[in-house]
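Enquirer: Quick note: the sequence shown uses the working numbering, first residue 46, plus one each step.
Hints listed in this document are in silico derivations from the structure and should not be mistaken for laboratory results.
What follows is a set of in silico ranges between Cβ atoms, one per label pair, in the way DEER data are often shown:
no., residue 1, residue 2, range
1, Ser-139, Asp-55, 16 to 26 Å
2, Gln-521, Tyr-580, 45 to 55 Å
3, Gly-681, Glu-60, 34 to 44 Å
4, Glu-326, His-58, 15 to 25 Å
5, Glu-265, Asn-545, 57 to 67 Å
6, Glu-143, Ile-591, 50 to 60 Å
7, Asp-612, Gly-365, 30 to 40 Å
8, Ile-591, Asn-136, 48 to 58 Å
9, Asp-341, Pro-585, 15 to 25 Å
10, Glu-330, Glu-90, 52 to 62 Å
With a straight-line cut-off of 27 Å between C-alpha atoms, the simulated DSSO-like cross-links for lysine-lysine are:
no., residue 1, residue 2
11, Lys-277, Lys-287
12, Lys-555, Lys-575
13, Lys-211, Lys-113
14, Lys-57, Lys-566
15, Lys-94, Lys-113
16, Lys-670, Lys-513
17, Lys-670, Lys-538
18, Lys-670, Lys-626
19, Lys-226, Lys-249
20, Lys-692, Lys-670
21, Lys-204, Lys-107
22, Lys-643, Lys-692
23, Lys-62, Lys-566
24, Lys-346, Lys-555
Note that beta-carbon positions come from the ideal geometry of N, C-alpha and C, so glycine has one too.
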Amino acid sequence: MEGNKLTSVDLKHIEIKDSFWGKYINLVDEVILPFQWELINDRVEGAEKSYCIRNFRIAAGKETGEHKGMVFQDTDAAKWLEAVAYSLNKNRNSRLEEAADQTIDLIAEAQCEDGYLNTYYTITGNQRWSNLFEGHELYTAGHMIEAAVAYYQATGKRKFLDVVCKLADYICQVFGPEEGKIHGYPGHPEVELALVKLYRITGKNNYLCLADYFVRTRGERPCYFLNEDCIKNGNYIFPEFKDFDLDYNQSHMPLSEQMTAEGHGVRAVYLYSAMADLAYEYQDEALLRQCETLWDNIVSKRMYITGSIGSASYGERFTGDYDLPNDTNYSESCATVGLAMFSNRMFHLTRDGKYMDIVEKALYNTLLSGIAMDGKHFFYVNPLEMVPETVKKNPTYRHVKTTRQLWFGVACCPPNIARTLASLGNYIYAVDEHTIYVNLFIQSSIDCQLSGRNVNVRQESNYPESGKITLFVKPQEEGSEFTLAIRIPTYCKEAVLRINGKEESPQPEKGYVHIRRLWKKEEEVVIELKVPFRYVRSNPRVRHNIGRVSLMKGPVVYCLEEADNGDYLSTAVIDTRIEPKEEFDHQLLKGTLCARIKGARIDYENTGSSLYEAERPVYKEAEFKAVPYSSWNNRGEGEMIVWMREKD
Numbered sequence: 046m047e048g049n050k051l052t053s054v055d056l057k058h059i060e061i062k063d064s065f066w067g068k069y070i071n072l073v074d075e076v077i078l079p080f081q082w083e084l085i086n087d088r089v090e091g092a093e094k095s096y097c098i099r100n101f102r103i104a105a106g107k108e109t110g111e112h113k114g115m116v117f118q119d120t121d122a123a124k125w126l127e128a129v130a131y132s133l134n135k136n137r138n139s140r141l142e143e144a145a146d147q148t149i150d151l152i153a154e155a156q157c158e159d160g161y162l163n164t165y166y167t168i169t170g171n172q173r174w175s176n177l178f179e180g181h182e183l184y185t186a187g188h189m190i191e192a193a194v195a196y197y198q199a200t201g202k203r204k205f206l207d208v209v210c211k212l213a214d215y216i217c218q219v220f221g222p223e224e225g226k227i228h229g230y231p232g233h234p235e236v237e238l239a240l241v242k243l244y245r246i247t248g249k250n251n252y253l254c255l256a257d258y259f260v261r262t263r264g265e266r267p268c269y270f271l272n273e274d275c276i277k278n279g280n281y282i283f284p285e286f287k288d289f290d291l292d293y294n295q296s297h298m299p300l301s302e303q304m305t306a307e308g309h310g311v312r313a314v315y316l317y318s319a320m321a322d323l324a325y326e327y328q329d330e331a332l333l334r335q336c337e338t339l340w341d342n343i344v345s346k347r348m349y350i351t352g353s354i355g356s357a358s359y360g361e362r363f364t365g366d367y368d369l370p371n372d373t374n375y376s377e378s379c380a381t382v383g384l385a386m387f388s389n390r391m392f393h394l395t396r397d398g399k400y401m402d403i404v405e406k407a408l409y410n411t412l413l414s415g416i417a418m419d420g421k422h423f424f425y426v427n428p429l430e431m432v433p434e435t436v437k438k439n440p441t442y443r444h445v446k447t448t449r450q451l452w453f454g455v456a457c458c459p460p461n462i463a464r465t466l467a468s469l470g471n472y473i474y475a476v477d478e479h480t481i482y483v484n485l486f487i488q489s490s491i492d493c494q495l496s497g498r499n500v501n502v503r504q505e506s507n508y509p510e511s512g513k514i515t516l517f518v519k520p521q522e523e524g525s526e527f528t529l530a531i532r533i534p535t536y537c538k539e540a541v542l543r544i545n546g547k548e549e550s551p552q553p554e555k556g557y558v559h560i561r562r563l564w565k566k567e568e569e570v571v572i573e574l575k576v577p578f579r580y581v582r583s584n585p586r587v588r589h590n591i592g593r594v595s596l597m598k599g600p601v602v603y604c605l606e607e608a609d610n611g612d613y614l615s616t617a618v619i620d621t622r623i624e625p626k627e628e629f630d631h632q633l634l635k636g637t638l639c640a641r642i643k644g645a646r647i648d649y650e651n652t653g654s655s656l657y658e659a660e661r662p663v664y665k666e667a668e669f670k671a672v673p674y675s676s677w678n679n680r681g682e683g684e685m686i687v688w689m690r691e692k693d
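Use the sequences and the hints to build the structure in full.
Expert: Have a look at this one:
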């Protein structure tokens, strides 16, 4: 690890003007956040109720009634506020800010005098901290802290930050290694990474120390959770938890001994993100190596091609190496957000482009498949193969939805998607004292300081439709010396670099081309990546994909949909010897780059109705239209498939 640390740039100093991502980012400001405000206030007809704002009103003494919703229902408001903060950081919006301030006022009124903040335990009167395994108190606190830090950075208003500092101070009094404190840790990791964020904004070292305590004591023997009433006496909030082992929440052994990613996908990557944060703050080489081991296990053996994780619905969890079913998988949207968070932190630690490759894959595929193009419907689960008739009739698929939903009783995914889109700039660029890293090819501009001097970089791109990226570099002072580092994606086998029209040939280092020079007032850097459509196969140890092939362009995974290709997509056989033909469809989904691919399919008109036949089915030549996986299910219910059979 290097002493000159990489950091993100304040979102105020990044402007995104990308034709592809702009559609989604504008949705956040114009549709998603106002819509989710109505949802958490239970004002959307036909949607599952949130009860979130109602619970805060009851806890604040403004209404009477019982707590409704999940034990972690407060996080609906917290994640909404965090997304609002990122939006306001880019563009102040008086209506959104007023709604956010009202919510913050209500949260402050619901806070107890000692700093405790949780509507479930306040309203029910249940004993605080008595069920860390499943009670989500620390998880909820974590999301509150993250939201408050983001809101303070966006607006400069301290009220919410003061609320969470009071909460964090109280948690520091309750938990820790000292005698008389609770020697436990969160059942659902989240507060750890939030406490690191709070430390960075306040400089209070006790927040960092508590995050470190929570991480390093996790999994010690005897396990803290075994002494809680829920496990000892079976008094569970969530009945299914009785069937889960301690690996479900990564407490089955000390983290230093964990070599594989286990348990609940979201819990895992939130925990690993906190581990990476602590490795960054303490420059802890051993903790970094542990993060690398776990990340490698995920990416090389337990991750879907779309950047999603979580093979099993029961426990929303990792299973074993190479176990990646396409139709029964869970692939929760939140888990993909968590994997992007973890990978981005690993890049900040190592400056290795392989981590941003995974960030890019997660963002372009599963993050966007989780939200409809109207900004008002969401997927929680993201399968890679779907037959609606089977899903509706077979209870094995009860976790899968055939269309996106307005909201969920457990609504972690919609606001998680919103906060990620609103903070996209945090992934595009990173800087240290002497270097600007260009990580994602999204048309945008950044203003930053390098060695105390202002620098502006403007990026023009139409990626991945085109692999040409043009960077206009404008230092405030001519003759400024610094480095521009541009990522070369792992899939890219050819790249051409030109500086002011002159071709250069620097060798990539850890996935980046580093251009160090004395920069003039305005210079042009062009990099041309080769981004053809390409067929991709999985390791043959993935039994579900043997003899199958997927189609990609850059980081974008493509799929076949029934709307273009009819039903029985599982019978499609692709001739990979024939190059896919690019086709931009201006009418499809607000303009979409598609691919025409050649192959064959079973001729069902000449197929009998007998259940078993001796004869082989008859195939006929066919052409298929493939669309980005992220856009599927925007034209109604229908079949979809990512992994297609390959012609011998």
